[in-house]
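Chains as they are written, first to last, in the numbering used here: chain A, 1 to 113; chain B, 1001 to 1113.
Hints were generated in silico from the structure; no laboratory data involved.
Hints may contain errors.
As the list claims (entries may be wrong) - Okay, derived cross-link-like pairs now, EDC-like style, lysine to aspartate or glutamate, Cα gap no bigger than 16 angstroms in a straight line:
#1 A/K62 / B/D1090
#2 B/K1062 / A/D90
#3 A/K56 / A/D86
#4 B/K1059 / A/E9
#5 A/K59 / B/D1086
Said to hold, decoys possible - Partial list, derived from the structure: chain A residues whose beta carbon lies under 7 angstroms from chain B:
#6 F12
#7 V39
#8 P60
#9 Q71
#10 T88
#11 L111
C-beta atoms are modelled at their ideal positions from N, C-alpha and C, and glycine is treated no differently.
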Amino acid sequence: MDDDQSAEETAFVVEEVSAIIKESLESVIGRSSFEHKRVCQWTSSVVEQSLFQLSKLAKPFKYIVTCIIMQKNGAGLQSASSCFWDSTTDGSCTVRWENKYLFCIVSVFGLAI
Amino acid sequence: MDEDQSAEETTFVVDEITTVIKEAVESTIGNHSYQQNKINQWMSNIVESSLSQLTKLGKPFKYIVTCIILQKNGAGLHTASSCFWDNTTDGSCTVRWENKTIYCIVSVFGLAI
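Full structure from sequences and hints, please.
Written as structure tokens, this is what we have:
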């Protein structure tokens, strides 16, 4: 029982992180359209809010949060990532989100200390 | 003298990594125009060759390499990233590259073990 609990506290739980990201996106962007002047602010708010919530989980992890916001304009966008880490303890989670005017891709990488 | 050398071997050197990334992108994309069917292959090549060059540096780091390729089509794109890590030992580096039809953004995050 104790072992399971401590494993839970020190593992990278994808669902938990996913939920945090989705909440940040909904609250920062919601249904807004792509406004050139505000997008800078949104990307900063999304990453900072997500990071703040993640650090509150108080797990022994270093985090990297990246956010891409793109206007729906017909352009092609591809994104990839590759990691050199400890696959038993580290993990990542990517959330793809969209509304009528823009796409948003947020990736979180958690590396055990 | 010895101390300087060992500090050099265990720190995140931005210039060194920028060079590695630029080489990987140039050799993969070069002057090609945006082709939907080749993009996946290009992306995999870039992240994999960057990561293998980085691991060859033999430094005690975990690495995360992310790559974004965007067609030049007038769409707006914003990216941001935020990191919760050890400021004294960890670092990141972002390389923006473009040709006539493609924008490419590669980010490398290095976290000391």
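Against the structure, the hints:
1. A/K62 / B/D1090: Between A/K62 and B/D1090 the Cα gap is close to 10 angstroms, so the pair holds against 16 angstroms.
2. B/K1062 / A/D90: Within the cut-off at roughly 10 angstroms; holds.
3. A/K56 / A/D86: Given that 16 angstroms is the threshold and the Cα spacing comes to 23 angstroms, the pair is violated.
4. B/K1059 / A/E9: Roughly 29 angstroms separates the two Cα atoms, so the pair is violated.
5. A/K59 / B/D1086: Given that 16 angstroms is the threshold and the Cα spacing comes to 15 angstroms, the pair holds.
6. F12: Hint violated; A/F12 Cβ to chain B Cβ min 13 angstroms, cut 7 angstroms.
7. V39: holds, 5 angstroms
8. P60: violated, 12 angstroms
9. Q71: Since chain B brings a Cβ to about 4 angstroms from A/Q71, closer than 7 angstroms, the hint holds.
10. T88: violated, 13 angstroms
11. L111: holds, 5 angstroms
Hint compliance for this structure: hints 3, 4, 6, 8 and 10 are broken, all remaining hints hold.
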